[in-house]
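K.L.:
Each chain, written out:
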Amino acid sequence: MTETEFFIQLLINGTTIGSYLALIALGYTMVYGIIELINFAHGDVYMLGFLISLTFLGILGVTRSLGGWELWVIVFGVMFVTMLVTGTINMVIDRVAYKPLRRAPRLAALITAVGMSFMLENLAMIWKGPSQINYPNIFPTIDILNDVLEMKTAVLFTTKDVFLMGVTVPLMVVLNLFIRNTKMGKAMRATAQDREAAALMGVNVENVIRNTFFIGGALAGAAGMTVGIYLNTGRYLMGFDAGLLAFTAAVLGGIGNIGGAMLGGYVIGFLNAASDQYLSSEWTRALVFTTLILVLVFRPSGLLGERTPERD
Amino acid sequence: MTPIWRSLTAPWRTLPAQRRQMLTWAFWTPLLLALPLVDKTFKWGIVNDVTDVLVLVILALGLNIVVGYAGLLDLGYAAFFAIGAYTAGVLTWPAHHLEWNFWIVIWAAVIIAAFWGIIIGTPTLRLRGDYLAIVTLAFGEIVPVAIRNMGSVTIGIGPWRLLTDFNLTNGVQGLNPVGRPWIGGFEFGFDPTPWYYLILMIAALVIFASARLQDSRLGRAWMALREDETAADCMGVDPVRTKLSAFAIGASFSGFAGAFYAAKLQAIFPELFKFNLSIMILCMVILGGMGNIRGVVIGGMLLQLFDRVVLTQTTIFARSVGEALHISPLATIDLSLWRWFFFGLTMVVVMVLKPEGLFPSAARRAELHAADEEAPQPAKSG
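Residue numbers (this note's numbering), protein chains in the order written: chain H, 1 to 312; chain C, 1001 to 1382.
Heads up, a few of these hints could be off.
Claimed, not checked - Here are the computed lysine-lysine pairs in the DSS-like style, where the Cα-Cα straight-line distance is at most 27 angstroms:
{"hint": "1", "chain 1": "C", "residue 1": "Lys1264", "chain 2": "C", "residue 2": "Lys1043"}
{"hint": "2", "chain 1": "C", "residue 1": "Lys1274", "chain 2": "H", "residue 2": "Lys128"}
{"hint": "3", "chain 1": "H", "residue 1": "Lys99", "chain 2": "C", "residue 2": "Lys1354"}
{"hint": "4", "chain 1": "H", "residue 1": "Lys152", "chain 2": "H", "residue 2": "Lys128"}
{"hint": "5", "chain 1": "C", "residue 1": "Lys1274", "chain 2": "C", "residue 2": "Lys1040"}
{"hint": "6", "chain 1": "H", "residue 1": "Lys99", "chain 2": "H", "residue 2": "Lys152"}
As the list claims (entries may be wrong) - Computed, partial: chain C to chain H, Cβ under 8 angstroms:
{"hint": "7", "residue": "Arg1126"}
{"hint": "8", "residue": "Tyr1131"}
{"hint": "9", "residue": "Pro1194"}
{"hint": "10", "residue": "Tyr1197"}
{"hint": "11", "residue": "Met1201"}
{"hint": "12", "residue": "Glu1271"}
{"hint": "13", "residue": "Leu1272"}
{"hint": "14", "residue": "Phe1343"}
{"hint": "15", "residue": "Leu1345"}
These are calculated hints, taken from the structure and not from any lab test. It should be emphasised that the depicted structure is a prediction, and the values quoted were computed from it without experimental measurement. Don't be surprised by glycine CBs; every beta carbon is placed ideally from N, CA and C.
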């Protein structure tokens, strides 16, 4: 592998990691934008997306690579149902754990969020066991550069990479359009700016919060299933790691900022890929967390965020 | 509380606070001192477990300084425990040819843990509450990774090498053995009794320090900062020094616990100090009541009792019921797998229903419920 190929591979890996991180980061940033809560359990909703889609595939009896119309119907059908389920779960989490604490000090809600995350992880562990879980390899893997375009290169770029981006990027585009153009999107933006004022203007704030949790959960569920198809493996703790990475991405981009979360996702994705390749994968975790600390300390408003006055 | 309970405890509550405190101590001290003897007579074999619980209670008291008194949510407190334990390990591991005396090592662990408390505290001073929580969490994640990767440390500038391939922490295998304490010619060994008395002494010291700090100028400054940072700042409380001292003192407690734990266990691994441990300690603090020594001690012990005794006993009971009634899922149930679920549930339930904890301090209760009275409910809109 030459130096250039090495770098191109890094770009590809970074983009794939970044795509799903961005999708998870959106859930963090939307919830934080509206109720200023770090939804610690969000990463675990992503993990549930993985497990739930796995269960649906099991019910359908899918274990091998699919092709043709079957592939698209099953993948998108299961993804749609998974998104509904994880969205609902996220909404229920809000109803049970966060809604009673809307007026309590912010740390109280953060503590329940951590507690919620532990409950979900434990349930997942009991459900599917503590070891690595196999995910059926339903999406055919074809080496695009070597086999389709017949280039002689060591760079690996497969149909799965295309699939991952093909799912995550459109979802982000749709979310952006939704927030920019619909009435609910407008209500969300208004609530994020000033909850009391929005309520005075006739926005049903609780309804907006419910919707936000639903959308965030649905996106996380889609990310969970996509990663399952991409990596073919997962674990009950996968949500903790991915959640922290995605949260870092959300903060890096400027928390509360939708575009920022996507940008942050890709930056963290590249950082991850670069650290894996140039440094050592053992240090990747430490490096990402160091980045998180540095960003929080030196630029808490993130890359695209505005400076907010001290609030607590 | 029910009226019956109130009338029963009325004579107790009419006693002056000082008398009550004295009586409580007079009641508990002989019991705690006699525990190993009673344990031997009745063959309970619980001294070792009680010692481990006390280590966790000391950690909870340390975290209580940071979270309870100063109101800074620390999600990576296990890192300081790790630093305390590894300080003791590094200074006494035979391969390092240091093998310091335990009684010096334990103070070294305290100082180094406090030092790292300040190092972590400094960058977080500018942060809002929840960002601070995430930074401490990140730190708590970095420390075990760093320890795991410090099996061969090379420090050098260009061609000059200060250290080459130096095995500081022995990586994943961990440090084993760790030096034990000596008194005169007596070495602490496998008998849990001397360890129990040592941890009892440390616990007494930590409780005493917590109580004195609570009423000190510094303690009041912490609580002022917790309740309103801006107002406290205007009243002349230096936020920087006050917050840093909370981090340093809170971390120093875990230095004691870490050094003790390392010496008692004789082996330490990076895996012992994961995020779960931080959360368990936090859960102990929350259950009893943040910012309240009695609450943290009792709450911590209750949680440990639940974890170590109630879960296993209920499992045995549920299995016997399941076998008797031929319900197969019940007969093979293992409730100890659910421990983190119950810890999470504890955190959610306590925060939602009784955020001041089971044994609240008056000030904290007032603060946590202030919002109920002040904030008017927003009009229903649709």
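K.L.:
Can you name, in rising order, the numbers of the hints this structure does not satisfy?
P.N.:
4, 5, 6, 9, 10, 11, 12, 13
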